[in-house]
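Undergrad: Residue numbers (full-length UniProt numbering), protein chains in the order written: chain A, 1 to 176; chain B, 1 to 338.
A few of these clues could be false.
Under the rule of at most 30 Å between Cα atoms (straight-line distance), these lysine-lysine pairs were calculated in the DSS-like manner [said to hold, decoys possible]:
(1) A:Lys47 - B:Lys59
(2) A:Lys166 - A:Lys106
(3) A:Lys139 - A:Lys47
(4) B:Lys105 - B:Lys10
(5) A:Lys56 - B:Lys59
(6) A:Lys34 - A:Lys56
A few chain A residues facing chain B, derived, Cβ under 8 Å [unchecked claim]:
(7) Leu36
(8) Thr39
(9) Lys45
(10) Thr49
(11) Tyr52
(12) Pro53
(13) Trp57
Derived by calculation from the structure, the hints in this document are not laboratory data. Being a predicted model, the structure only gives us computed values, none of them experimental. Cβ coordinates follow ideal geometry from the N, Cα and C atoms, glycine included.
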Amino acid sequence: MTQTKIDGRAKTREIKRKANLNLLERLYLPEIFKGLSITFRQIFKPKFTFEYPDVKWQPPASFRGRPVLVVDDETGVERCVACGLCARVCPALAIEVVADETELDKERYPKKFEINMLRCIYCGLCEEVCPEEAIVMSKEYELVFTSREEAIFGKDKLLTPASKLKDRLEFLRKMR
Amino acid sequence: MESILIAILKAIIFILLFLTFSAVLTYVERRISAFIQDRLGPNRVGPFGLFQPIADVVKIIFKEEIIPANADRTLHTLAPIISLFVAYSVFAVLPIGEKLVIDGKEIKLVLADVNVGFLYILALSSLGVYGVTLSGWSSNNKYSLLGALRASAQMISYELSLGLSLVGVVLVSGSIQIDEIIRSQANVWNIFYQPVGFIIFLVSVFAETNRLPFDLPEAEPELVAGYHTEYSGMKFGAFYLAEYTNIITASLLVTAFFLGGWYFPFVDIYSGLNPNLSAILQVIVFFGKASLIIFLFMLVRWTLPRFRYDQLMRLGWQVLLPLALLNVLVTGLVKILL
Ligand code: SF4
Ligand code: SF4
Numbered sequence: 001m002t003q004t005k006i007d008g009r010a011k012t013r014e015i016k017r018k019a020n021l022n023l024l025e026r027l028y029l030p031e032i033f034k035g036l037s038i039t040f041r042q043i044f045k046p047k048f049t050f051e052y053p054d055v056k057w058q059p060p061a062s063f064r065g066r067p068v069l070v071v072d073d074e075t076g077v078e079r080c081v082a083c084g085l086c087a088r089v090c091p092a093l094a095i096e097v098v099a100d101e102t103e104l105d106k107e108r109y110p111k112k113f114e115i116n117m118l119r120c121i122y123c124g125l126c127e128e129v130c131p132e133e134a135i136v137m138s139k140e141y142e143l144v145f146t147s148r149e150e151a152i153f154g155k156d157k158l159l160t161p162a163s164k165l166k167d168r169l170e171f172l173r174k175m176r
Numbered sequence: 001m002e003s004i005l006i007a008i009l010k011a012i013i014f015i016l017l018f019l020t021f022s023a024v025l026t027y028v029e030r031r032i033s034a035f036i037q038d039r040l041g042p043n044r045v046g047p048f049g050l051f052q053p054i055a056d057v058v059k060i061i062f063k064e065e066i067i068p069a070n071a072d073r074t075l076h077t078l079a080p081i082i083s084l085f086v087a088y089s090v091f092a093v094l095p096i097g098e099k100l101v102i103d104g105k106e107i108k109l110v111l112a113d114v115n116v117g118f119l120y121i122l123a124l125s126s127l128g129v130y131g132v133t134l135s136g137w138s139s140n141n142k143y144s145l146l147g148a149l150r151a152s153a154q155m156i157s158y159e160l161s162l163g164l165s166l167v168g169v170v171l172v173s174g175s176i177q178i179d180e181i182i183r184s185q186a187n188v189w190n191i192f193y194q195p196v197g198f199i200i201f202l203v204s205v206f207a208e209t210n211r212l213p214f215d216l217p218e219a220e221p222e223l224v225a226g227y228h229t230e231y232s233g234m235k236f237g238a239f240y241l242a243e244y245t246n247i248i249t250a251s252l253l254v255t256a257f258f259l260g261g262w263y264f265p266f267v268d269i270y271s272g273l274n275p276n277l278s279a280i281l282q283v284i285v286f287f288g289k290a291s292l293i294i295f296l297f298m299l300v301r302w303t304l305p306r307f308r309y310d311q312l313m314r315l316g317w318q319v320l321l322p323l324a325l326l327n328v329l330v331t332g333l334v335k336i337l338l
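For reference, chain A alone in the conformation it holds in the complex (with noise of 0.2 Å):
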């Protein structure tokens, strides 16, 4: 048989078919036999399931959650400086971002930053673009909200320091 793959080119596969069963195959039920024993055994195999309220998953390092802002350890001020990137670039138009002057060093820092979780996609570019890595992808995935005033998330939720986020913080520079 031949397959064209998507590319174009082409590539044989043989597909094996006895066309000669011999009459035990025939029959077809010990082959019956041996499929129903199959089943039997799958019974006893470990399950997948997760009893999700009860049990949680915790999502690995890649995992792309709802986007934070990180707040420096030391200094308890959120790394942002306000640029505007992370707005500019999001394709889903979900950062809204208000700078103001401070007399921190930075000299930038965001009056309002929100993002509107019925809007965002977790793309994740924001986190990419970000030339302060102040905002990364959380591991949170349990977003719930009954209006859609609620869903937009100001720097009351979005702020999160960094320490709790040192999973993600390592993945990033590893994979810079």
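Dock chain B with the ligands against chain A, hints included.
TA: Below, chain B with the ligands without anything else, positioned relative to chain A:
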């Protein structure tokens, strides 16, 4: 007067027994299906999810009932009733044990002790197709109708081999009374005399109960849900219940005709016992064996893919029917010669 009272009491107990058994069966089937697919299945309601059937029943009773605008209302309502009625009538002649002795009175563990029980079962089980056909016809839905047509063709085809495979049993046991057939197997089960008949009967029973690999009347990938596509609420529940009751009856029949009913091969464990104790033991053994057959039903469901329609017909007419005829012939010859 008293005998009528006993009959009514027996009927109620039988129906309750079968209702409970089918309720448990829905739970067990879901659990085992889940295990086979490496899942856990329903385990939330009560310990191990054992109360799931109760939750299901309560839910299904409170569901809205929808009758399609152009459906034939009378037949649409009648169809599930016929299905359920037939399913529950079949086990009326099925003995589930010998007899209880209470106050010196013998109470046989069978609802109607008729001497043509065998024919009664064959006749009624083919009546079941009316429920399916009418439901498909009255729903005014092409998928329902297709499912119903398939069901009637399938039932008629397999009815023949079903009946013929039992002729062998009747020849061996020398009776068409079901408890006589069971008693004749006290030493050697019929499956050893009639291995071919057993396989034909088993396959036909799968087809008669519309279970995989013969569930063409439902065939959810092709026909949405087949004949009960347009049913909801308790009417759907009635079809569901009828299906499970049919499975139970079918496995009890397989046990009664081929696997020695409540007997074990070569040993008679009931001889010295008090009749009441032995009756209870018999019921347990009988239902235990039937449960194994039901387990086989479930295993087969998750092992074999669904037959194509032409394959189904070919198997029925070109393989099973000639084989069944041959089986009758050989059994008859052996009976005469030996
Ligand atoms: S790209 Fe980074 S630094 Fe710039 S506004 Fe976004 S989060 Fe702040
Ligand atoms: S993850 Fe993507 S969609 Fe969500 S805020 Fe960041 S850039 Fe926008």
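Undergrad: Quick check on A:Thr39 please, does its C-beta sit within 8 Å of some C-beta on chain B?
TA: 5 Å, holds
Undergrad: Between the alpha carbons of A:Lys139 and A:Lys47, is the straight-line distance 30 Å or under?
TA: 25 Å, holds
Undergrad: If you draw a straight line from the CA of A:Lys166 to the CA of A:Lys106, is it 30 Å or shorter?
TA: The given pair, whose Cα atoms are some 22 Å apart, holds under the 30 Å limit.
Undergrad: Was the hint right that A:Pro53 lines chain B, CB cutoff 8 Å?
TA: 10 Å, violated
Undergrad: Closer than 8 Å between Cβ atoms is the bar; does A:Trp57 clear it against chain B? Give me holds or violated.
TA: 15 Å, violated
Undergrad: Take the C-alpha atoms of A:Lys56 and B:Lys59, compute the straight-line distance between them, and say whether it is at most 30 Å.
TA: 29 Å, holds
Undergrad: Hint check: is the beta carbon of A:Lys45 less than 8 Å from a beta carbon of chain B?
TA: 6 Å, holds
Undergrad: Close enough to count: is the Cβ of A:Thr49 nearer than 8 Å to one in chain B?
TA: Since the shortest Cβ distance to chain B is 4 Å, the answer is holds.
Undergrad: Hint check: is the beta carbon of A:Tyr52 less than 8 Å from a beta carbon of chain B?
TA: Where the cut-off is 8 Å and the nearest Cβ of chain B is about 11 Å from A:Tyr52, the hint is violated.
Undergrad: Given A:Leu36 was flagged as interface, is its beta-carbon under 8 Å from a beta-carbon of chain B?
TA: 5 Å, holds
Undergrad: Does A:Lys34 pair with A:Lys56 here, judged by a C-alpha cut-off of 30 Å?
TA: Answer violated: A:Lys34 to A:Lys56 is near 38 Å, above 30 Å.
Undergrad: Hinted pair, alpha-carbon criterion (30 Å max): A:Lys47, B:Lys59. Please report holds or violated.
TA: Given pair A:Lys47, B:Lys59 holds - Cα atoms ~28 Å apart, limit 30 Å.
Figure legend: structure checked against the earlier numbered hints; hints not met, in rising order: 6, 11, 12 and 13.
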